[in-house]
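Kindly produce the complete structure, drawing on both the sequences and the hints.
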Amino acid sequence: QVQLVESGGGLVQPGGSLRLSCAASGIIFSIYTMAWYRQAPGKQRELVATITRGGDTNYAESVQGRFTISRDNPKNTVYLQMNNLKPEDTAVYYCKASRFSSEYWGQGTLVTVSE
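Counting from 1, position 34 in the sequence shown corresponds to residue 31 in my numbering; the numbering is continuous, with no gaps.
Because the hints were derived from the structure by calculation, they are not lab data.
Below are the DSBU-like pairs computed for lysine-lysine, each with C-alpha atoms no more than 35 Å apart in a straight line:
| no. | residue 1 | residue 2 |
| --- | --- | --- |
| 1 | LYS72 | LYS93 |
| 2 | LYS40 | LYS93 |
| 3 | LYS72 | LYS40 |
| 4 | LYS93 | LYS83 |
Pair by pair, the computed Cβ-Cβ distance ranges are:
| no. | residue 1 | residue 2 | range |
| --- | --- | --- | --- |
| 5 | SER4 | SER59 | 22 to 28 Å |
| 6 | GLY62 | GLN0 | 30 to 36 Å |
| 7 | GLN104 | GLY39 | 16 to 22 Å |
The structure displayed is predicted, hence computed values, not measured ones.
Ideal Cβ positions, reconstructed from N, Cα and C, are used throughout, including at glycine.
This is how it looks when you write it as structure tokens:
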């Protein structure tokens, strides 16, 4: 049974930082491309960042230079370090594991950026 469990969300003031974690089980984590998505209220889910099995990363333009995705294969965990957070970063953040036609999603963690 595959499980992806996100954690680390919460309420933070503008300009603050959070680090999200996504712990995977039931898959050979190291061979999967991992990604973070987010969905703000009333909006479609959007891709935030990806990291391949080889460690190559890509970011949405809106978070470039502020967010960093990383992975720890021995811990089966992917991270999203979020700095200089803005109110428009408020969303539910989801992690996804994908390999060829297989993909798995976590349940999401809420990030709220507000005074």
